[in-house]
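There are 2 protein chains.
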Amino acid sequence: MSLMDVLISEVGPRDGLQSIAATMPTDAKKAWIDGAVAAGVSEIEVGSFVPPKLLPQLADTAEIVAYARGLPGLTVAVLVPNARGAADALAAGAHKITLPLSCSESHSLANLRKTHAQVLEEARQIAGMIRALPAERRPHFEGSLSTAFGCTIEGEVPRAKVVALAEALMAAGCDEVGLADTTGYADPVSVKAMIAALWAALGREALTGIHLHNTRGLGLANVLAAYDAGLTTFDSSLGGLGGCPFAPGASGNIVTEDLVFMFEAMGVRTGIDLERLFDVRERVAAALGDEPLYGFSPLAGLPLGFRPATARNTIMEGEPA
Amino acid sequence: MSLMDVLISEVGPRDGLQSIAATMPTDAKKAWIDGAVAAGVSEIEVGSFVPPKLLPQLADTAEIVAYARGLPGLTVAVLVPNARGAADALAAGAHKITLPLSCSESHSLANLRKTHAQVLEEARQIAGMIRALPAERRPHFEGSLSTAFGCTIEGEVPRAKVVALAEALMAAGCDEVGLADTTGYADPVSVKAMIAALWAALGREALTGIHLHNTRGLGLANVLAAYDAGLTTFDSSLGGLGGCPFAPGASGNIVTEDLVFMFEAMGVRTGIDLERLFDVRERVAAALGDEPLYGFSPLAGLPLGFRPATARNTIMEGEPA
Chain A
0 MSLMDVLISE
10 VGPRDGLQSI
20 AATMPTDAKK
30 AWIDGAVAAG
40 VSEIEVGSFV
50 PPKLLPQLAD
60 TAEIVAYARG
70 LPGLTVAVLV
80 PNARGAADAL
90 AAGAHKITLP
100 LSCSESHSLA
110 NLRKTHAQVL
120 EEARQIAGMI
130 RALPAERRPH
140 FEGSLSTAFG
150 CTIEGEVPRA
160 KVVALAEALM
170 AAGCDEVGLA
180 DTTGYADPVS
190 VKAMIAALWA
200 ALGREALTGI
210 HLHNTRGLGL
220 ANVLAAYDAG
230 LTTFDSSLGG
240 LGGCPFAPGA
250 SGNIVTEDLV
260 FMFEAMGVRT
270 GIDLERLFDV
280 RERVAAALGD
290 EPLYGFSPLA
300 GLPLGFRPAT
310 ARNTIMEGEP
320 A
Chain B
0 MSLMDVLISE
10 VGPRDGLQSI
20 AATMPTDAKK
30 AWIDGAVAAG
40 VSEIEVGSFV
50 PPKLLPQLAD
60 TAEIVAYARG
70 LPGLTVAVLV
80 PNARGAADAL
90 AAGAHKITLP
100 LSCSESHSLA
110 NLRKTHAQVL
120 EEARQIAGMI
130 RALPAERRPH
140 FEGSLSTAFG
150 CTIEGEVPRA
160 KVVALAEALM
170 AAGCDEVGLA
180 DTTGYADPVS
190 VKAMIAALWA
200 ALGREALTGI
210 HLHNTRGLGL
220 ANVLAAYDAG
230 LTTFDSSLGG
240 LGGCPFAPGA
250 SGNIVTEDLV
260 FMFEAMGVRT
270 GIDLERLFDV
280 RERVAAALGD
290 EPLYGFSPLA
300 GLPLGFRPAT
310 ARNTIMEGEP
320 A
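Residue numbers (numbering that gives the first Met the number 0), protein chains in the order written: chain A, 0 to 320; chain B, 0 to 320.
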């Protein structure tokens, strides 16, 4: 496996597929995950343990988790809305479990029908279930601070509230919190300020990753700000699938292809081979049919003579660099 | 006029319109420029003095310059390919004249049919023509370092070559050089390194602006890097028009709307009112017919409760901020 400077966490099979009407066949999902792993992707959010009636697109999550666990070197991540979903995730053997908590309580009530106190109680239950497992079977448990940069119902979400909720999630037993710009409200300055505030309250180990959207075109600029601040894990979605786009042409999630291109061009190793990633995009596009994909680098192609950081790392001494 | 922290230089009426097949009527161009100025845009590249046979879309540049000069507070910029075009620009009364020099000599020969030495000779002639004018009529003369971050023919362009050409342009009599990522090869690290190299050689006053493309999706991340490094002038195009897109869906120029949104969200004043800018977009879209426009923020709309930096600046003390 290649050395990495940053971890690109692919969320397409969960966040992307739950946002589109069609259900991707299980075999196509497996082929996507296979291709991503072959390209060097080392963490994939493969599904969500929600009632199949709500999200039939993800009804095969347990099967996908079992399959993905067989791929060497892959961290198999899942989303869970509550302790009941977490029980399924633990039974399936996911390596990482993420519970979203919407920092805007209005948004939490509208989307999860739960108050902050209720979500924190779910977090406590999940942490208890994990502690009851033998150490070698315990997954990493992350509390995701969604709408951390603002909410379409409440508008601004005070930074102090986000910090307090992060502290509450850690106290409830999360191993880590993650920042999520669910609504595309973040900008480079607010990203840096939020990271500084959370690190001041929780220490650096409690926050290493961020889930940013490209809703207003600032996705990669916000990634750059977060990377400059010191974060090392970045969520993104192949072809920018998912992430609740607001309007046609407005994308939600950051595009994995462009994100990897940016880091590799900067000399920051992602461990991912861009040409292979572009191939995966082609295959996923074919499997999705008419679903529009986003991203610029796959259309423009790589610059002439481009030397990605990950490949440079594997060049032997003595070879022309 | 609003106070500004950065200067957004709108290049759509030149760079955008020269890239599309249709010719926008002169009145529609004037309406675009009127709308942009009303929104707070203070510098516009309104056209290019090239032979009308080559670019019929810009055949009315002299009339547009004369019109735009009547708009208070607006810097009227034009592109010129050579001394002959510069003579027309001087006669028309442009405030700013930009001469592109392609750092890749292969690219220069392919596009302008001129060697570096020949372009530098044009620069010397233009500088001489400007010096011959009374001081109050002398325009600002910029040499633009195109393909500074790489070239589709030569690949990598050595940084030392860019620095040497910048020195040659200044020696030829330019007031300033500008960086241009003509091919979309730049990344945040190369942007910062190039700025540092040019400032070390020429001093900070010789380079204040950059023309970045979004060909591979890195446009705003590269802007952020350039801003962090200390540049203060950023070219962009309404709706991302122009900039030699490589393929359908792949945009060329940075989108003015998203660029202004990013800075205003960061608390950096552009002097531009976003809602008015979105209105200009609508009018230009209508005038262009089927031409696709790029950009995310106009589709997503502004965040709930959004407070742009430019507006915040005008809030009186004592009002809630």
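Careful, some of the hints might be misleading.
Remember, identical chains collapse to one label, so a pair may be satisfied in a single copy or spanning two.
Stated by the list, open to error - List of simulated lysine to any residue pairs, SDA-like, C-alpha gap at most 25 angstroms: (1) LYS191 to ASN110; (2) LYS160 to ALA195; (3) LYS191 to ASP4; (4) LYS29 to ALA167; (5) LYS29 to GLY127; (6) LYS191 to LEU301; (7) LYS95 to GLU120.
I should point out that these hints are in silico values taken from the structure, not numbers from a laboratory.
Intra- versus inter-subunit Cα pairing at 25 angstroms for LYS95 with GLU120: within (19 angstroms within a copy, 63 angstroms between copies)
Within, between, both or neither, where LYS29 and GLY127 count as close if Cα-Cα is 25 angstroms or less: Cα proximity of LYS29 and GLY127: none, with 31 angstroms in one copy and 67 angstroms across.
Within, between, both or neither: LYS191, ASN110 at alpha-carbon 25 angstroms: neither (27 angstroms within a copy, 42 angstroms between copies)
Within, between, both or neither, where LYS191 and LEU301 count as close if Cα-Cα is 25 angstroms or less: For LYS191 and LEU301, only the inter-copy Cα distance (21 angstroms) is at most 25 angstroms; the intra-copy one is 30 angstroms.
Intra/inter-copy verdict for LYS191 and ASP4 if alpha-carbon distance must be at most 25 angstroms: both (19 angstroms within a copy, 20 angstroms between copies)
Alpha-carbon proximity between LYS29 and ALA167, which holds within one copy, between copies, both or neither at 25 angstroms: For LYS29 and ALA167, the Cα distance exceeds 25 angstroms both inside one copy (36 angstroms) and across copies (57 angstroms).
Within, between, both or neither, where LYS160 and ALA195 count as close if Cα-Cα is 25 angstroms or less: Cα proximity of LYS160 and ALA195: one copy only (14 angstroms, versus 40 angstroms across).
Hint compliance for this structure: hints 1, 4, 5 are not met, and every other hint is.
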